[in-house]
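Build out the structure end to end from the sequences listed, making use of the hints.
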Amino acid sequence: MQKKLLTVSVVAAFAALALAGCGKEEPKPAPKAEAPAAPAAPPPPPQIVVKIGHVAPLTGNIAHLGKDNENGARLAVDDLNAMGIAVDGKKLVFELVGEDDQADPKTGTVVAQKLVDAKVNAVVGHLNSGTTIPASKIYNDAGIAQISPSATNPTYTQQGFKTAFRVMANDVQQGSVLGSYAAKSLNAKTVAIIDDRTAYGQGLADEVEKAAKAGGAAVVAREFTKNDATDFTAILTKIKGKKPDVIFYGGMDAQAGPMLKQIKTLGIKTKFLTGDGGCSPEMIKLAGDASEGVYCSQAGLPLDKMPRGADFEKRYKAKFNTDVQIYSPYSYDAVLVIADAIKRANSADPAKIVAELPNTATEGVTGKVQFDDKGDVKNGAITVYTVKGGKLDVLEVQGGSLVAKAEAAVKDAVKDAKEAAKEAAGDAAKAVGQAATAVGQEAKKVEEAVKK
Amino acid sequence: MTFHPEIFLQQIINGLVLGSIYALVALGYTMVYGILGLINFAHGEVVMIGALTALSVILALHGAAPDLPAALFILAGTLVAIPVTMALGYTIERVAYRPLRNAPRLAPLITAIGVSIVLQNVALLVWGRSYRSWPPILPTTPHTILGANITDLQIFIVLAAAAIMAGLMLLVNKTKLGRAMRATAENPAVAGLMGVNVNVIISVTFVIGAALGAIAGVMVSANYQIAHYYMGFILGLKAFTAAVLGGIGNLAGAMLGGLLLGLIESLGAGYIGDLTGGFLGSHYQDVFAFFVLIVVLIFRPSGLVGERVAERA
Amino acid sequence: MLAALKKNPAAKWLGLALVVIALAVLPFAVEAGAGRSWVRIIDFALLYIMLALGLNIVVGFAGLLDLGYIAFYAVGAYMWALLASPHLSANFPAFAAMFPGGLHFPIWILIPMGALVAAIFGVLLGAPTLRLRGDYLAIVTLGFGEIIRIFLNNLNAPVNITNGPQGINKIDPFSIFGIPFNKPLSVFGFTVPSVALYYYLFLALTIVIIVITLRLEDSRIGRAWVAIREDEIAAKAMGINTRNVKLLAFAMGATFGGVAGGLFAGFQGFVSPESFTLMESIMVLAMVVLGGMGHIPGVVLGAVLLATLPEAIRYTVVPAQKMLFDRQIVDPESLRMLLFGLALILVMLYRPAGIWPSPVRKREFATAEKAGKLEPEQYPDRTEASEGARL
Chain A
0 MQKKLLTVSV VAAFAALALA GCGKEEPKPA PKAEAPAAPA APPPPPQIVV KIGHVAPLTG
60 NIAHLGKDNE NGARLAVDDL NAMGIAVDGK KLVFELVGED DQADPKTGTV VAQKLVDAKV
120 NAVVGHLNSG TTIPASKIYN DAGIAQISPS ATNPTYTQQG FKTAFRVMAN DVQQGSVLGS
180 YAAKSLNAKT VAIIDDRTAY GQGLADEVEK AAKAGGAAVV AREFTKNDAT DFTAILTKIK
240 GKKPDVIFYG GMDAQAGPML KQIKTLGIKT KFLTGDGGCS PEMIKLAGDA SEGVYCSQAG
300 LPLDKMPRGA DFEKRYKAKF NTDVQIYSPY SYDAVLVIAD AIKRANSADP AKIVAELPNT
360 ATEGVTGKVQ FDDKGDVKNG AITVYTVKGG KLDVLEVQGG SLVAKAEAAV KDAVKDAKEA
420 AKEAAGDAAK AVGQAATAVG QEAKKVEEAV KK
Chain B
0 MTFHPEIFLQ QIINGLVLGS IYALVALGYT MVYGILGLIN FAHGEVVMIG ALTALSVILA
60 LHGAAPDLPA ALFILAGTLV AIPVTMALGY TIERVAYRPL RNAPRLAPLI TAIGVSIVLQ
120 NVALLVWGRS YRSWPPILPT TPHTILGANI TDLQIFIVLA AAAIMAGLML LVNKTKLGRA
180 MRATAENPAV AGLMGVNVNV IISVTFVIGA ALGAIAGVMV SANYQIAHYY MGFILGLKAF
240 TAAVLGGIGN LAGAMLGGLL LGLIESLGAG YIGDLTGGFL GSHYQDVFAF FVLIVVLIFR
300 PSGLVGERVA ERA
Chain C
0 MLAALKKNPA AKWLGLALVV IALAVLPFAV EAGAGRSWVR IIDFALLYIM LALGLNIVVG
60 FAGLLDLGYI AFYAVGAYMW ALLASPHLSA NFPAFAAMFP GGLHFPIWIL IPMGALVAAI
120 FGVLLGAPTL RLRGDYLAIV TLGFGEIIRI FLNNLNAPVN ITNGPQGINK IDPFSIFGIP
180 FNKPLSVFGF TVPSVALYYY LFLALTIVII VITLRLEDSR IGRAWVAIRE DEIAAKAMGI
240 NTRNVKLLAF AMGATFGGVA GGLFAGFQGF VSPESFTLME SIMVLAMVVL GGMGHIPGVV
300 LGAVLLATLP EAIRYTVVPA QKMLFDRQIV DPESLRMLLF GLALILVMLY RPAGIWPSPV
360 RKREFATAEK AGKLEPEQYP DRTEASEGAR L
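The listed protein sequences derive, respectively, from chains A, B and C. Residues in the first sequence are numbered from 0 upward in steps of one, following numbering that gives the first Met the number 0. Residues in the second sequence are numbered from 0 upward in steps of one, following numbering that gives the first Met the number 0. Residues in the third sequence are numbered from 0 upward in steps of one, following numbering that gives the first Met the number 0.
Honestly, the hints are just simulated from the structure, not real lab data. A few of these clues could be false.
What the hints assert, rightly or not - Listed next, with one range per pair, are the computed distances between beta-carbon atoms:
#1 B:2 <-> C:238: 51 to 61 Å
#2 C:187 <-> B:94: 26 to 36 Å
#3 C:27 <-> A:390: 56 to 66 Å
#4 A:212 <-> B:168: 28 to 38 Å
#5 C:242 <-> B:177: 34 to 44 Å
#6 C:214 <-> B:278: 12 to 22 Å
#7 C:176 <-> A:189: 21 to 31 Å
#8 A:313 <-> B:124: 26 to 36 Å
#9 B:66 <-> A:390: 24 to 34 Å
#10 A:348 <-> C:9: 47 to 57 Å
#11 B:2 <-> A:185: 26 to 36 Å
#12 A:78 <-> C:276: 39 to 49 Å
Since the structure is predicted, the reported quantities are computational estimates derived from the model, not experimental observations. Beta carbons are placed, not taken as given, at the ideal position from N, Cα and C, and that holds for glycine.
Okay, structure coming up:
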């Protein structure tokens, strides 16, 4: 017995040492992470350092999207610092603390805790719903505001947390647009639905199913695949036997691409519709010419229809020397929303930021950001695209904030008018052009009214 | 539910093509297992490296001379990929398995997992994380037989898998090398006494297995027109399941197991959903496969055609 | 030093006291030194210790290669999630009628129940595999592990039991004697943060599990397991009921996995099937083998190392690259996994019996090595009775 006790104690001691050892290795990087703050801190003029945490997967399959989010937030932080905002007589110095959650729920909570430790004033992130939801608990416990630019799962804002916000339309909104688009605009009487059994794919597919049924279409096949699958012939063949008018796929581009090729090989001539995960240049690259005529949607406005999208795109490219992916305008806006809340609260205290966020009415790149009582963005926009000549072509925009819509309408009107003008000859063209300008002025008035 | 014969035929074709791919990869597992009694967990990654190497060659060639016939591209890619994977197979055996031949049985399993992780991440650093797609060199217009579609490439894959298995069986059963392999598999110590250089034989087995891996890799990626660093893991897992289903260590068993697994997945996803009123749909595709595997192993613990080597009870 | 300790009971008790104090202040020391996130990493490491000890019973003691062990972790986690969240009441009117606010069982019921349910699953999944050996057993257990995960991922329709890929949210945090674990606790003006509270709970259960395994190891059952591992036929001939003893190994192993899974669910407050992949099973197996199969201190060491090593590399790779090259050259995640893979290979090459093998195995292995040296290229005969023993 004594011998055993000894063993126990030795094991315990070893475990303790090992654990402590691991802990002790770390003091080096921890201060290093804060090191940049130190030189910024010395205050000849009174300053407040506002730390904004940002979390996204910077490694793994969707690292390119994660980096894009971080770049958006970084651009916003630099802009804010250049503007020189002051509250309470002190100048605000914004600082971005970027972290990587690898799109893994467990790592997500560790990283969230790391940000709470670092005493950030607010957090922008995470990218995926699967990491955003468990992390939101930690931010809520710490009383730190969290604004996700891209987590679209409705559950995130339905937990009753006062700290959880998002600046992006959720799956319910996107799914209902897609479902009714299939039933109404594509005139589908029968729909086949495939999802990849991830939280994103299944959530979106379920919403599409509901909306398609509500729109009068029958769901003739509900099939499933995996987010690492490459062979879809079995389910596609089954769907072929059901002869649907539209196939919807809820999943990512890496599967949508090969799936489209297999659809072609199997000789299925059905319209194909997918959500934002599959709505990317990557899908077109993987599917090749099998992607022609595919319909897909993205939550959010197309960049050229955002009120300040063109300007954002130009500055983003100049700064990071890479293209805007999908969500960076939203992470940019999330930072602006936080800065606005600080201004209104006249304090960078995390609790005061949380208290001010519901009153947000910030003019961002993506339009006017306002939150509903759950923390979801009001009037999230959904854009439907089609693939034409190997490029995504805008078909229609649904929802979106009023200003954005107004401006988009102006642009469209002007564009259409100009095209019409080119085609039409002589005076008639000028008249149309004038009409377009008139429409534009009207729309601008609307915009100003909305701003007021 | 109405029964469509052309859909059924299509599902059989789907299953055969998928099964041939599994069988090709399974041959690599089963060869190494047959001779060493070792699960070469890294074989899936060897297939992946073969696929990515070949694709790189094909892309380079396509950039330089886009009008060559498709077969030439594939041949060139495969011919470059084979020596690369052979060298890789040899190195893996030398570095990770040979020093552990006398070690506890699980030690080489862990090194195999280690090798697998290392290869994946090396591939990630070399080829990046996005999916790489094939240039449009292969004819995509399918042949239609009784309402079911099949492409030239798919016919080629099925025939090639059968031909390669036949070739391997000839090699193992009819040649001097094959006899040495069988002797080593039976009893390495005695084979050594009989003048067989056991080390060389084991190395040769690994190298042949790796070369098959390259061929399998090219065919898999040609069929799906994509390749990426993670493709080996899932494929390896499926192929390993197929090898066990047929009876690991047995070449014909690997072929049989592969085809059977392909058909189960295809017909399972195609029909069980409707037969169970939508309850067991295509989301349970892998469950069907594992279920058949478990049932087979319960009644035949060494697989369908496996010999009862290790059974003592 | 150990011998001196044995002779001197006072020194032994002093040593034990020091260990207790060290473990008690650990979370505070770590938090002060490295930040609270490291306390959270240590919490996860404790969960992995429980898992590794459970798998060690199956693989290390009884010699049954199990590649689907994470299934029991998943079963424990989902059981906890279902019984301590509003999920069932939200989806089944019958439950809602009985428990309008959702099910909220206390920890005293949940932990034993998690253990029991996991044990039942252990027996259910173990029973069909009794005749299988070695690699066939490995692939069947792998299959069972995947089947359970696939069911968890898909049982949201036609009846919503697991909520599918969306996972179950709003799981109750632990509370003992009315003290909630998700809020910092103030004792005499001294604040214990939530992660440290979890640390103490996990530590207590880990110690209980260590004591149970230590007691089992030397018990009749433990010796029966080892006998089966070494030679099943001989064990049977000695009068051991191999069927029951094997099933007991599966059940015991599963029990620890179930408890760890429940703790994971309560700690995270959210479970989803993506936490229970095959890769997790392989990681836990690697912990057992790397540490030293069948040797409890070794397994604990293996679990601690593998659970913290990737995190430690994460914290050092990026700063080190920045310092050396002033920019990020190699993607830290792939470098991290590359180093991890290399570590697995190197440890196995230089210490094939594990980092800290049990003295018996070490001795056995040394003799095998010697035998190997006489005929260096000899490869042990697979048909020989040593099949099980070499596991």
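Cross-check of the supplied hints:
no.	hint	verdict
1	B:2 <-> C:238: 51 to 61 Å	58 Å, holds
2	C:187 <-> B:94: 26 to 36 Å	58 Å, violated
3	C:27 <-> A:390: 56 to 66 Å	58 Å, holds
4	A:212 <-> B:168: 28 to 38 Å	55 Å, violated
5	C:242 <-> B:177: 34 to 44 Å	41 Å, holds
6	C:214 <-> B:278: 12 to 22 Å	45 Å, violated
7	C:176 <-> A:189: 21 to 31 Å	59 Å, violated
8	A:313 <-> B:124: 26 to 36 Å	33 Å, holds
9	B:66 <-> A:390: 24 to 34 Å	26 Å, holds
10	A:348 <-> C:9: 47 to 57 Å	54 Å, holds
11	B:2 <-> A:185: 26 to 36 Å	29 Å, holds
12	A:78 <-> C:276: 39 to 49 Å	41 Å, holds
The structure is inconsistent with the numbered hints 2, 4, 6 and 7, although it conforms to all the rest.
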